[in-house]
Amino acid sequence: MHPAFSVVFFTTATGAGYGLLALLGVLAGQGFIPPDFWLGLTGMGLSLGLISAGLLSSAGHLGRPERAWRAFSQWRSSWLSREGVASVATFVPAGLFGIGWVVLGRTSGWVAVAGLLAAIGAVATVCTTGMIYASLKPIAQWHSRFTLPGYLIFSAMTGSVLLNALLQGFAAGSNMLLAAALLLTALGWGLKLATWRYNDRLEIPTNANTATGLSGGTVRSMEWPHTEENYLLKEMGFRIARKHSAKLRLITQALAFALPALLLIAAFALPWPFAAASSILSAIAQLAGMLVERWLFFAEAKHTVTLYYGR
Amino acid sequence: MTCLPAHTDKKLGLVIDLDTCVGCQACVTACKEWNTGGHMAPLTDIDPYGGNVDGVWFNRVHSYEHMTEMGGRTVNFPRSCLHCETPACVTVCPTGASYKRASDGIVLVDEDKCIGCKLCSWACPYGAREFDTDVGVMKKCTLCVDRIYNDNLAEEDRVPACVAACPTSARHFGDLGDPASAISQLVAERGGVDLMPEMGYRPTNKYLPPRAHTNRAASVPAQALQPMRAEGGFLGWVDRMLSN
Numbered sequence: 001m002h003p004a005f006s007v008v009f010f011t012t013a014t015g016a017g018y019g020l021l022a023l024l025g026v027l028a029g030q031g032f033i034p035p036d037f038w039l040g041l042t043g044m045g046l047s048l049g050l051i052s053a054g055l056l057s058s059a060g061h062l063g064r065p066e067r068a069w070r071a072f073s074q075w076r077s078s079w080l081s082r083e084g085v086a087s088v089a090t091f092v093p094a095g096l097f098g099i100g101w102v103v104l105g106r107t108s109g110w111v112a113v114a115g116l117l118a119a120i121g122a123v124a125t126v127c128t129t130g131m132i133y134a135s136l137k138p139i140a141q142w143h144s145r146f147t148l149p150g151y152l153i154f155s156a157m158t159g160s161v162l163l164n165a166l167l168q169g170f171a172a173g174s175n176m177l178l179a180a181a182l183l184l185t186a187l188g189w190g191l192k193l194a195t196w197r198y199n200d201r202l203e204i205p206t207n208a209n210t211a212t213g214l215s216g217g218t219v220r221s222m223e224w225p226h227t228e229e230n231y232l233l234k235e236m237g238f239r240i241a242r243k244h245s246a247k248l249r250l251i252t253q254a255l256a257f258a259l260p261a262l263l264l265i266a267a268f269a270l271p272w273p274f275a276a277a278s279s280i281l282s283a284i285a286q287l288a289g290m291l292v293e294r295w296l297f298f299a300e301a302k303h304t305v306t307l308y309y310g311r
Numbered sequence: 312m313t314c315l316p317a318h319t320d321k322k323l324g325l326v327i328d329l330d331t332c333v334g335c336q337a338c339v340t341a342c343k344e345w346n347t348g349g350h351m352a353p354l355t356d357i358d359p360y361g362g363n364v365d366g367v368w369f370n371r372v373h374s375y376e377h378m379t380e381m382g383g384r385t386v387n388f389p390r391s392c393l394h395c396e397t398p399a400c401v402t403v404c405p406t407g408a409s410y411k412r413a414s415d416g417i418v419l420v421d422e423d424k425c426i427g428c429k430l431c432s433w434a435c436p437y438g439a440r441e442f443d444t445d446v447g448v449m450k451k452c453t454l455c456v457d458r459i460y461n462d463n464l465a466e467e468d469r470v471p472a473c474v475a476a477c478p479t480s481a482r483h484f485g486d487l488g489d490p491a492s493a494i495s496q497l498v499a500e501r502g503g504v505d506l507m508p509e510m511g512y513r514p515t516n517k518y519l520p521p522r523a524h525t526n527r528a529a530s531v532p533a534q535a536l537q538p539m540r541a542e543g544g545f546l547g548w549v550d551r552m553l554s555n
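Residue numbers (the working numbering), protein chains in the order written: chain P, 1 to 311; chain W, 312 to 555.
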């Protein structure tokens with residue numbers, strides 16, 4: 001599948017943004033994070049900024065963005081429509097929670113309820129994003145049991161590493177949060193390795209024989225219907241060399257998991273300004289690594305239409 | 312609405328005979344010619360005379376080499392929308408632009424509602440949908456809805472353009488939901504198959520596999536040349552002179 005930058009950026013940014021929003025909604029709403037104005041403003045600005053930038057980027061990917069409002073109508077059958085509804089609906093409790101926590105400096109009563117609702121909305125939105133990909137049968141690497149947990153865990157992972165960077169930056173960090181961010185990073189790493197292992201051993205029942213209805217023997221593509229690449233090949237026929245794939249997997253592991261984990265471990269031991277710097281660096285490295293991971297998620301996914309072209 | 316109809320009154324579709332298709336591309340050009348002025352018009356071409364030709368087509372003919380223990384053969388393979396009974400291209404559509412008609416089962420796109428998110432083309436395992444980068448919407452085979460119900464055409468012309476154009480009658484059109492229809496009988500007789508049945512999309516269109524190889528050709532050799540009866544006259548004289 002063609003790794004369009006708008007979609008790669010969208011899933012990475014909204015994943016981190018919703019992860020951060022969910023954690024802020026629960027932890028700040030329950031009084032675990034002090035209602036400091038600048039901390040709150042930076043945190044809510046970061047999470048809603050990432051979410052909004054991601055959503056705008058995905059809208060830019062549309063052929064007719066001016067009709068995007070129509071995408072809220074088919075929530076009964078379409079995961080993409082459900083994602084649209086959930087993402088917009090989440091802005092309501094998130095906005096109320098932001099006003100209550102940041103502007104009014106409150107963490108009790110309706111502010112706590114709004115925080116919880118924002119967290120529920122964030123998790124629901126990430127689920128719908130994951131299901132868009134997990135529900136696509138023609139792409140075996142996505143139509144697997146790893147896709148939805150992947151979206152959820154990566155969202156929690158990037159969100160917690162961001163929250164840790166935020167709190168460390170305001171000298172309000174805790175070892176508990178550092179440990180959680182480290183644990184989630186390790187969990188994400190494990191899941192990614194398991195996903196790659198599963199995809200590399202994937203044996204799909206669909207082949208050139210079932211695609212053409214010609215049973216038995218071998219079916220070899222002799223001639224394409226066109227001489228140049230068409231929409232199908234540009235969009236779904238994207239191929240990546242095995243050596244590049246191996247190298248990019250290493251870069252993903254280094255940037256998204258190994259380096260952030262080391263920097264988080266270092267933050268345990270370092271005094272304040274250095275622990276903050278280390279935490280912020282870990283968040284930046286992880287987001288860069290996740291962009292590579294998401295690029296590979298698309299580049300390594302193979303659509304069944306490529307079988308018609310002998311690929 | 313992108314929820315699928317529980318039942319369609321008819322299951323209109325195509326049956327394609329892989330035994331007789333000669334890969335002449337007549338169906339491809341006839342389709343393009345009709346549909347670039349039809350329901351989903353235009354079928355945009357980008358840089359048609361340049362080095363990076365691209366464009367929207369509803370029907371594409373591939374050629375394959377099928378090798379079995381009985382030998383090899385060339386199979387020409389037209390690929391277009393199969394108007395599936397459970398088309399995920401419809402259910403994934405967020406806007407309601409894609410729909411399956413309850414009356415005849417045809418899968419269509421309402422161009423005025425399409426936002427061009429391309430998700431339907433990802434959901435189709437067969438590559439039936441092609442994005443029009445110029446208009447910004449998705450396009451696909453309409454089974455020539457603007458021909459098959461068109462009272463302005465003579466009755467024999469009320470078939471999809473590809474079917475009308477096929478010089479070897481490799482393409483057949485009809486109601487595959489009616490077991491008594493000529494097209495259903497043909498599928499039953501020739502053992503028509505679904506493409507990628509394991510995907511579970513339940514395509515309406517069926518493909519007739521090439522007939523089995525036979526040894527008939529080898530068992531009927533041409534007659535050996537026979538000596539000619541001696542002729543009289545001038546030609547006979549020439550023949551005698553040359554034979555000496």
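These are computed hints drawn from the structure, not numbers from a lab. Possibly wrong hints are sitting among the right ones.
Covered, in the sense of this in silico footprint (three residues per stretch, anywhere, with C-beta under 8 Å from a C-beta of chain W), are these stretches of chain P [claimed, not checked]:
#, stretch
1, 76–83
2, 133–144
3, 174–185
4, 217–225
5, 282–291
Beta carbons: idealized from backbone N, C-alpha and C, even for Gly.
Against the structure, the hints come out as follows:
Coverage of the stretch 76–83 of chain P by chain W holds [criterion: at least 3 residues with CB-CB distance below 8 Å; count 6]. Coverage of the stretch 133–144 of chain P by chain W holds in this model, with 5 residues showing a Cβ closer than 8 Å to a Cβ of that chain against a need of three. Closer than 8 Å: that is the beta-carbon criterion, and the stretch 174–185 of chain P has 0 residues meeting it against chain W, so the requirement of 3 is violated. Using a Cβ-Cβ cut-off of 8 Å, 9 residues of the stretch 217–225 of chain P lie near chain W, which meets the minimum of three, so the contact claim holds.
With 0 residues carrying a beta carbon less than 8 Å from a beta carbon of chain W, the stretch 282–291 of chain P misses the three-residue requirement, and the given coverage is violated.
The structure shown violates the earlier hints numbered 3 and 5.
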